[in-house]
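**Student:** Fit the two chains together into the complex; they arrive one by one in their own frames, and the hints show the way.
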Amino acid sequence: MSQTIQFNLNGKAVFLKTDPMRRLLDVLRDDFSETGVKEGCGEGECGACSVFLNGKLVNSCLVAVGSITGMNVETIVHFQHTQAYRIIEQAFSDAGSVQCGFCTPGMVLAAYALLKENPDPDETDIREAISGNLCRCTGYNMIVDGIKLAAKKGDGKW
Amino acid sequence: MKNSISTPVDRLDGPEKASGRAIYTDDIRPDGLLYARTLRADRPRARILHIRLPDIPVGYFIVDKNDVPGHNRIKMLEDDWPFFAEEVINHVGEPILLVVGPDREKVNVILHGIKVEYEDLPAVLSIKDAIAAKNPIFGDDNCFASYQFQKGDPDPVFTDAKTIIKGEFKTGYHEQAYMEPQGVIGNYVNGKLTVTGSMQCPYYVKNAMVQLTGFPENQVQIIQATTGGAFGGKEEYPSLLAGHVAIAAIKTGKPVKLVLERGEDLAVTTKRHPSISRYRSAVDENGRVIAMEADITLDGGAYAGLSAVVLQRALFAAIGVYDIPNVTVRGRVLSTNQVPSGAFRGFGAPQAFFAVEMHMEQIASELGMNPLTFKEIHLVKQGDTTATGGLLRDEIKIREMLSRVLKMSDYRKKEGIFASGNGRFRSGIGLGLYLHGCGFTGKGEDTIHGTATIRKLTEDRAEILVSNVEMGQGAQTTLRKIVATTLGLPIQNIDYPNPDTDRVPDSGPTVASRTVIIVGHLLESAAKELKARWNENETFSVSKSYRHPSYIKWNQDTLQGDAYPAYSWGVVAVEVQVDTLTYETTIKKVWTVHDVGVAIDEDIIRGQVEGGILQGLGYASIEVMDTANGAYRQHNFTDYIIPTAVDAPVIESELVDNPYEYGPFGAKCAGELPIAGAAPAYAAAVSRALGIPVHEIPVKPEALIKGLKE
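Chains A and B supply the protein sequences, listed in that same order. Reminder that position 107 of the first sequence reads as 107 in the numbering used here, one-by-one numbering, no gaps. Reminder that position 459 of the second sequence reads as 459 in the numbering used here, one-by-one numbering, no gaps.
It is worth saying that the hints were derived from the structure and are not from the lab. Hints should not be assumed to be uniformly reliable.
[Said to hold, decoys possible] Below are the DSS-like pairs computed for lysine-lysine, each with C-alpha atoms no more than 30 angstroms apart in a straight line:
id, chain 1, residue 1, chain 2, residue 2
1, A, LYS148, B, LYS553
2, B, LYS553, B, LYS381
3, A, LYS153, B, LYS589
4, B, LYS553, A, LYS152
[Said to hold, decoys possible] Chain B stretches covered by chain A per the calculated footprint, using a threshold of three residues with CB under 8 angstroms from any CB of chain A:
id, stretch
5, 9-15
6, 23-31
7, 175-183
8, 211-219
9, 595-607
10, 619-628
[Stated by the list, open to error] Pair ranges (Cβ atoms, derived):
id, chain 1, residue 1, chain 2, residue 2, range
11, A, ASN118, B, VAL189, 51 to 59 angstroms
12, B, SER420, A, LYS152, 35 to 43 angstroms
13, B, PRO497, A, GLU117, 22 to 30 angstroms
14, B, VAL58, A, LEU16, 41 to 49 angstroms
15, B, PRO701, A, MET71, 20 to 28 angstroms
16, B, PRO701, A, GLU117, 55 to 63 angstroms
C-beta: ideal position from N, C-alpha, C; glycine also.
Isolated chain B, as found in the complex (with noise of 0.2 angstroms):
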């Protein structure tokens, strides 16, 4: 039965946004205000020799690393990243300086004559020349990071297996495109540092600051200013902007603006990792995978980032939603000398699971089975355990949910009807199935133990306190919705401002899906909590700080247990067109069936949803990103083209409820869930349609042509 909650209401923010009204950071003008833009390294790996500059105009100023009060690195997992290059730059875009003023043309002039002498040093610029690199750029292997871990016990049973099946499966970078490009204000005043940009996680911004700074923690305040998109693109990259405006802000003593063009963003900020992932089976006389070992490796770019999470996150996805027996799961993510990759919706996980859709595909095709029925009769249930020796122990709907999707696309008799094809035009329809673990991989959520604050105001009225921002996914509607629904008061008398942290606690940052099973979790507590004492006070808080149930279990040393409190689900058929004459493939529809727990909004989960594949969808087929020389070859949204409404699907879309006992009226994660399976499905479809193997996306026309003549 469908819980009242998920019922639509219209979003809060819709009418402040269509009108035109809503502040986004570059709208934001003070009084005084300068601008900045950044010098940055045209090479991918180079020393420094010396930086010749133009006469500089009263009023203008040059902000390097020199002008730094602290510690010159992001605060991250490991503190190698600086705000400002010192001797040896790294990467293609690395900024080196800002020139800062007050008209932007001049401060452009300005940046145009600045020459800088380099001594260009051997760069690693792949994955395979991290691995062969004799003189590595990262510790003594070039890895950020490298985990393996076993399940059962599978090298006896490779050893023995009759039938052995290998594959190899590649993806390429992938950029957000959020609408908005990136873009921070930085303010000075009586010593106390602001940051107001578009960001989804302000604590990060601000430990950021006070490790680059010094400054204590009460002279650093960061707000949040209306957020046009991130999908990820926003979680680390802002701190790096937010430096950069702080120190500019600190030295001029005026507010300072760094907003990116569309075609700066794109060559200098985080995209997904590109993969390389080798995968290896031995299967039993029925059919049955009964070992599997996946090895995945990630380009992680100049500095370690979160990559390692990144990657913590994809080994944790590498098995899929399959029950095999006996598992080896190895990865890495390598050090190279181009931009970092960062996070981006799904986090490691969809490079994950076009691998291990794809290999599943190959075995299938490989042995003579029906791809479906071979899936069908892997699939995990409830009681089976993950790749790390976690327990499914929540009720699993997933073959429910397939067989829905297979009814609403009438999938059997299609694939049926698309085998016999031939002619100019073939069509193909494939699946991806799929999970998310909900929240923070392995030990994040007990070690950020985040905190949600409910403020009584008045007699009809509360606030949110979190440090969770709206950034279109609809966190103002969800978290008010929860908060309104538990306190019986109309959703319009729940405020709930863009975060500032000098108002807000640390309720963790606005990533992996966890702003409604976490947060919204503890703000339904702290609802029910305000609700039993509303008369105790006119004002007053109550506050909730999270662990997980105590039945989660995790050793983050051998990567054994629970990496996540729960699983959401999914299920997606996409039928493709491929005209042979010109390679290109058009997608014809889509059937979805996604276990979300409970919808806490069921408008709010099919725009996640629909967004979340149509991104994949661009991952699969059109949306590539190469490198020449430690740069990106795609400059702008001309050479790098994401889906139009042209392109875009219809997108048939369906839940099932499956309440979670730990979430806000039962509610799971939904974020990234939907983008992880679209690129297998897609590849699947495209792969099927010609009859020939699909191991790498983008698919491109190319890449089908070579197929069909071999």
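Same shape as in the complex, but just chain A (with noise of 0.2 angstroms):
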């Protein structure tokens, strides 16, 4: 049964008729075609599919669409442009963080969503912040020493 839903997607309003019991990950994709939020386990456990909503990080493939009425979505294709964006991106580059790079827009946002609230992470932190992040080809400590390196040359101004 359809519904029309409002939400704000990067910074927009946006409406769609649709079925409220879609995955908001479906309709990021197929509805606006915001490819760089991934698929990779569909529930719950990788990380790929995550995005902001009001702010805080979630696995969008958990998320029923008509239960965000309102709300604010921010996808990697947005938080691209950020300040914060091009310093994650730089610092995960220096550190070689990237490699098949399917678990990576997951990976910088979680970095974004820790450095937000702690600017100055120790390892455990970081750890503990991309444990729902799923990567199988860097065994994680390069992505952890580009979130370090991020949190040095961000130097706070998250």
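**Tutor:** What follows is the structure, given as structure tokens:
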């Protein structure tokens, strides 16, 4: 059964008539071509579909679109134009944090979610912060190094 | 001295991946796209009696074996694996037909409305069953392949030996768990078939499509899309999926996409072969192994796939990094009604290294010797021979590497302290020593004769034309770096688009850790020639085809000689702490040194080393797939658990330079190597922490409880 749903996507109000039980992940990918949001598992285990919902990091595969009326959704498509993104991207590049790249947009958002709350995280904080984002290529340490480097470069300006 | 090429550069594919701009298969959405889903067998072995279809609405299609214009078999070692089930299904999840249409939900509804009537047939569901089966399901003995070879004269040594030590070692299914599930898109326009997808081997897919369709080669085009991890899992399996969308596209005349959901991917794609290895060693009075016998059995699943070659690599690794004068190696890969096993980083070697390393631990322990000392006195040196009688002609630095790991980890001191540990938390430290034969096993490289091309595009720009893919391992960086450095151009001036078989020669598949040592070597030679001839023309190409160095001799019938042109080496130490209340094991830290010849890029190698080691530690500790009536009992990442950032230990990693004459800038191989030693090192560490033997991975808490009770 369709419903009209309104939310804010990357700063713009959007309206769509759709089944409210559809996954936010599918709505973003299919209706708004937000292909930077990845489906890795569809079960909330891997974090590849991470987005910000009212500023909080969530797995968009676990969110029914009918539940987000009036809320703000920010994806990697928008986030990549921020200064914070540029710092994290450069730090990931310097630290060799990227391999196959499928987990990377989610990792970048998880890194930002951490640094915004805790600009000077220790190793344990970083590992906890990305523990909901699976990566099979790197063994994680080079991502942890990337986030440490981003913390240093960002110097609290998150 | 460090080669300047090893200095890391920024990965050129980093920014587009980090920003989500990189286009993976599922991100491609051509106009008129149809979606396919697969109807799969729900039982391990049965005859299909009848398929009852619901009403199929206009615009929706059923695609099955009757739509295949050519040969309904995947082109591989044996042509036994059908694209679509024929009369009999041989494993759970075997594809029977596709439902194809524009709306995914409607496709699902149709799929769930299909009823299949089966007549169950007796199924073979384990290695034990396959050996005992009175009515074989493959050939007359259920063996896809069996091999045996010898070195020296082991039989009289065993007959006369005073001490013979036997052990049995088991490993389980291991899932690649690439983050991007498998996916392909087929298109058929004006008589030409194009398949785009997540894959390691565009020409494997092309050859499979030619056989499937009967089309001439120039009417089949394969394009690799950005690939989100593979680890061997996208070596042979994409050919099957490509066949499905190919036939669907030909039938519907529209582009058709098939992307597996994670649960489906886990349930039906190939895994690392489970193994049972039986070892027997004769030891003399000085504690020296004078003969070793290894017997390795793999579960190949329902179709032969690449199993025979996986078995060969396992067998050629069966005596590890040790100099054993008399050796018998035997092995077989059995046919069962399990989901087919297949390629996974290490390709048989991790099973063998787990077995031989644990067997060496076991011998040392039974002789009352220190395992480290025991392994050390048996290490191979330059000039020794391999199990197949191949000559280890290049410098071997494993002693130096071992000393370094012992120093980095403070191994001997910890070993002493941990030995006297008691109380709830017990610590242990273990070692893994390993090698990896670079490139294809045996006759592979000489059969494929890979060709690589470089094209001069402008005065300061060139393009790499090879069929090898970037799948996360860094080929975009390493191959460009080799060419850029040789030509004296900036790396940004070297183009290397994702392979498209209409544009690139067959430089071979992206497997067997061959991309740098073999294809990189061809590119280095081509670049040298191109540079010498640079002013000949505004634009032209130079191609090079591979031949082994002339001293490499291999006999595929007797399995004697140099199975590989070169070897990379590794040593790893793993420290663990076991909680004897909960039987949880924590990995405290890992130290490792590798010899990959020369690192083309230290960051790329570090990424391979750390990723490989963590994948190996997962294999050893928490990653388990078991089956019930031929179906995996693990369905997603909630019950097939792979390590997270919290589980991952800090890995202190170093390299030694040891240039190989025929590798680009002296590089050998690196991709698969690091996974081989992590599992035995972990198992040995747990074993020593608790003072109980470990014979099986993953090392489950249940096994530790049982071991301590005994």
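**Student:** Does each hint fit the structure? Answer for all of them.
**Tutor:** Structure-based check of each hint:
no.: 1; hint: A/LYS148 - B/LYS553; verdict: violated (50 angstroms)
no.: 2; hint: B/LYS553 - B/LYS381; verdict: holds (20 angstroms)
no.: 3; hint: A/LYS153 - B/LYS589; verdict: holds (28 angstroms)
no.: 4; hint: B/LYS553 - A/LYS152; verdict: violated (55 angstroms)
no.: 5; hint: 9-15; verdict: holds (count 5)
no.: 6; hint: 23-31; verdict: holds (count 5)
no.: 7; hint: 175-183; verdict: holds (count 6)
no.: 8; hint: 211-219; verdict: violated (count 0)
no.: 9; hint: 595-607; verdict: holds (count 4)
no.: 10; hint: 619-628; verdict: violated (count 0)
no.: 11; hint: A/ASN118 - B/VAL189: 51 to 59 angstroms; verdict: holds (53 angstroms)
no.: 12; hint: B/SER420 - A/LYS152: 35 to 43 angstroms; verdict: holds (42 angstroms)
no.: 13; hint: B/PRO497 - A/GLU117: 22 to 30 angstroms; verdict: violated (41 angstroms)
no.: 14; hint: B/VAL58 - A/LEU16: 41 to 49 angstroms; verdict: violated (27 angstroms)
no.: 15; hint: B/PRO701 - A/MET71: 20 to 28 angstroms; verdict: violated (42 angstroms)
no.: 16; hint: B/PRO701 - A/GLU117: 55 to 63 angstroms; verdict: violated (35 angstroms)
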